[in-house]
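Q: Chains as they are written, first to last, in this note's numbering: chain X, 1 to 185; chain F, 1 to 306; chain A, 1 to 350.
A hint or two may mislead.
Claimed, not checked - Covered by chain F, per the in silico footprint, the following chain X stretches (three or more residues, Cβ under 8 Å): (1) 19-29; (2) 44-56.
Stated by the list, open to error - Here are some chain F residues pointing at chain X (derived, C-beta under 10 Å): (3) N103; (4) R275; (5) V282; (6) W284.
Just so you know, the hints here were simulated from the structure itself, not pulled from any lab data. Every residue gets a Cβ at the ideal spot worked out from N, C-alpha and C, and that includes glycine.
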Amino acid sequence: MTTVAFAVLAVIAVVAAYRVFRVDSMARASFALAVSFVAVGGVLLLLDLDYLGVVVVVMMVMEMSIMAVFMIMYMMNPAGLMPMSMWHDKGRAMSIAVGTFVVLAAGAVLVDWPQRQGPPAPDVTRQLGLGIMGAKMLVMLGVSAVILVTIVAALVLGAARGRYDRLGDDLKGRPADPVPGGVGR
Amino acid sequence: MPDVLLVPVALLALAVLATASATGDRALLVHASGRPPRLAAISVLPEVARLLVQRRRTTTAPDALLWRVGGGGLLVVAALMIAVVPIGGRAVLDNPVGIVWFNAMDVLLWALVWLLGWGASSAAALVAGYRYLAQALAYELPLMFALIPPAVVARSLDVEAVVASQSGRWNVVEMPVAFGVFLLCVVAFSFAGPLSAPAGSDVAGGVLAEVSGVDRLVVLAGRHALLAAGAAFAVPVFLGGDAGPLLPGWLWQLAKTLAVLAVLVVVRRRLPLLRPERFAEVGWVLLVPLTLAQVLVTTVLALAAS
Amino acid sequence: MGLTERLLSAAATRPHVLLVPVPGRSDLRWAVEDWLDAQGWPQAASPAGADLLIECGTPAVELAERADAAWDALPGPRDRARVRQPDEVDAVLSAARSRLLDGPRQRQDAQERGVPVVAEPSGDMDPGGMDMGGMDDGGMDMGGMDMGGMDMGGMDMDLPGGLTMAGRVEDRDGLRLEGLPVRFGPLLPDWPAGLELQTTLSGDVLIDSRCRWLDPSDGPVPDRAVVPGPAAALDALSRLLAVAGWQDGARRARRARAEAGSGPATDDLLRRLRRTRLLRWSLRGLPAPEGRDLTEHLNLLIACVDSSSSRLPVATLHELDQAVTGLDVAGAVLVVAAYGPVLFRERVDA
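Take these sequences, add in the hints, and give me the full structure.
A: Here you go:
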């Protein structure tokens with residue numbers, strides 16, 4: 001039963017990923033990618049990694065929605081009404097792609113994975129977390145906060161209009177935005 | 001494995017609650033017009049009959065697959081949301097991460113409503129789809145932060161554990177801000193009432209501008225079903241599930257769900273439309289710090305109590 | 001068949017109505033709206049949601065074309081009627097409803113429509129011209145074709161339906177993104193009668209705007225109903241409140257309008273309006289006629305209802321163009337709802 005479910009999800013993931021490069025419409029490409037990721041999330045659910053599986057779905061669907069917005073904003077033929085090809089430098093790209101796939105698949109299939117000793121832990125996600133991060137858990141939590149701060153700082157540095165443009169040189173004026181926000185800041 | 005026997009019960013509950021939401025809306029409308037609220041006036045059967053009889057339509061070069069997936073997906077997401085609500089102690093999906101599952105389902109709406117707007121091949125619908133994403137960016141973080149305090153108190157993401165942790169005191173007493181923000185976000189993800197800009201009449205109905213017939217019925221029913229599923233989820237997470245003296249558990253749960261649904265229906269009707277760009281600042285500058293503060297307070301209290 | 005007839009009769013309990021307001025005949029529009037409120041028939045926001053197309057008066061050439069396009073976009077079962085006098089509203093609308101119940105008539109209408117003809121795609125098509133809804137085609141007041149549930153096959157896959165690629169314009173952030181020519185037509189709900197707003201949308205921001213009256217006339221069109229006074233201010237209020245999303249408030253304003261500004265409905269409305277803070281917050285920051293903020297404009301309308309010492313402002317199309325440029329769609333439609341009732345229909349030069 002689990003094997004059947006895994007096979008179905010795996011096929012969906014691979015086929016959807018292939019379709020990303022074959023469809024002409026940007027919206028379909030983004031959401032084919034989303035379907036592929038959701039299938040991978042389903043596979044994680046089959047591995048009893050419930051939290052990771054569901055979080056993968058959350059992150060990927062959100063990202064694909066925002067990505068679809070940007071793709072439609074910037075690309076010239078977003079609905080794919082004119083057929084176009086998304087393939088560039090076909091020869092070299094194909095050989096690299098196929099080569100990588102063969103190497104990874106060989107690794108997944110041929111490596112002598114260790115067998116589980118005894119029953120699985122009651123909380124597989126926790127075991128996985130401890131296994132990967134171990135005694136350095138606090139450091140990892142701190143790193144995630146630092147990453148968030150870096151993202152915010154990059155946005156502040158990269159924005160075309162900063163505080164001084166919006167509020168005046170003494171930072172005391174009312175915000176001069178093209179569209180005023182709801183709180184007046 | 002999903003509990004197959006509970007599936008029809010859960011779907012029936014969802015249908016009843018969605019109908020209650022639609023009927024409540026009509027009752028408020030009839031009352032506000034000054035007419036007596038007779039059954040014939042507040043029933044939604046004429047609307048359903050009208051949409052069943054109406055012909056479907058399409059536009060030039062729509063993306064039909066994505067359009068119909070977007071429309072039909074609303075009901076599917078509502079059903080998946082109610083699948084983690086314990087009915088009589090058990091939920092359809094016995095998911096150890098029920099709270100995050102609910103969050104994942106409302107994130108699926110980002111994709112579905114945008115597809116509903118994109119697939120219609122119409123400027124009105126496309127603008128409305130983008131409005132939904134703009135609103136979603138504003139309410140999603142507060143929603144996620146509002147769902148953390150119940151999990152902290154219960155030390156688990158399982159909805160049934162959250163219900164069990166409220167045997168002493170209901171969560172809404174301890175974390176009222178989280179409850180209020182959660183209700184606002186339920187109204188937001190079902191793009192109802194003050195946050196119904198994606199279906200606003202200023203863009204000729206938005207995502208509803210080009211759908212008619214059965215397709216329109218599916219989208220409208222989906223909106224009511226999402227509101228109902230959100231109300232149903234609020235009960236085990238914030239209002240103690242089926243706890244209550246004297247009456248059987250399921251009756252208490254139904255009563256509480258209907259009470260929450262009534263609040264949402266009234267809010268939906270009473271408040272004027274909030275434009276998405278005004279709501280964006282409210283979401284980020286007001287709601288995110290508020291919910292973070294709520295998480296801090298709840299966590300400190302939980303650590304002190306243990 | 002018994003079931004179809006019964007469904008039709010249940011369906012026609014509360015038909016949704018798409019109104020075609022005719023410039024100069026606000027009296028008819030008011031009569032129809034009051035009748036619809038009394039019967040509880042909702043107004044549709046787009047042809048896709050409508051069963052009846054009701055013309056409030058006799059439209060002139062261009063407005064009649066738009067009404068015909070909307071008629072084509074109504075899915076079935078549908079009917080169409082024209083109200084010529086205020087006292088025939090009841091008869092006309094009841095007759096239209098009974099025609100909706102007529103099963104054989106509706107079936108014949110459906111058969112006649114069948115599969116519509118797809119126009120030849122041409123590269124230099126005027127984006128505002130065709131009557132098919134499409135991505136760059138324009139009218140937000142029009143929809144697409146009614147296919148009756150059938151699939152759209154046999155299209156020319158190279159830019160089907162005669163669509164053209166959108167142009168590139170610079171948007172307000174300095175990015176070169178697509179500019180979509182869109183026409184906000186005369187048949188949007190609570191929209192000024194006979195006004196058309198042509199604009200280029202970049203995302204949902206109006207990069208530019210050109211308003212025009214359909215069927216331009218030689219001078220101001222006298223409006224039979226609009227005597228300066230509380231009723232006119234209440235009409236303006238009802239449209240502003242409806243577009244601002246407070247449908248109950250709009251309905252109360254229409255009831256107050258029916259009692260000409262003095263009576264229990266008016267007092268009730270004014271009391272609620274003075275109390276509401278959320279509405280004022282949501283209207284803040286948008287331009288209104290005579291240089292006011294939209295919140296101040298709301299207060300002015302309330303003052304006009306309350307006493308005869310305040311008067312409604314006056315505005316021109318050019319001012320509306322300037323006010324709307326640079327706003328996003330939601331804000332723009334709100335601003336048009338504020339300007340609409342007070343637009344001075346100036347003389348058109350050739």
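Q: Please verify that hint: R275/F, Cβ, nearest Cβ of chain X, below 10 Å or not.
A: holds, 8 Å
Q: Three or more residues of the segment 19-29 of chain X near chain F by CB distance under 8 Å?
A: Check passed, 3 qualifying residues.
Q: With a cut-off of 8 Å between beta carbons, are at least three residues of the segment 44-56 of chain X near chain F?
A: holds (count 4)
Q: Answer holds if the nearest beta-carbon of chain X is closer than 10 Å to that of V282/F; otherwise answer violated.
A: holds, 4 Å
Q: Is the interface hint for N103/F satisfied, with its Cβ closer than 10 Å to some Cβ of chain X?
A: holds, 6 Å
Q: Take the shortest C-beta to C-beta distance between W284/F and chain X; is it under 10 Å?
A: holds, 9 Å
This entry satisfies every hint, going by the numbered hints stated previously.
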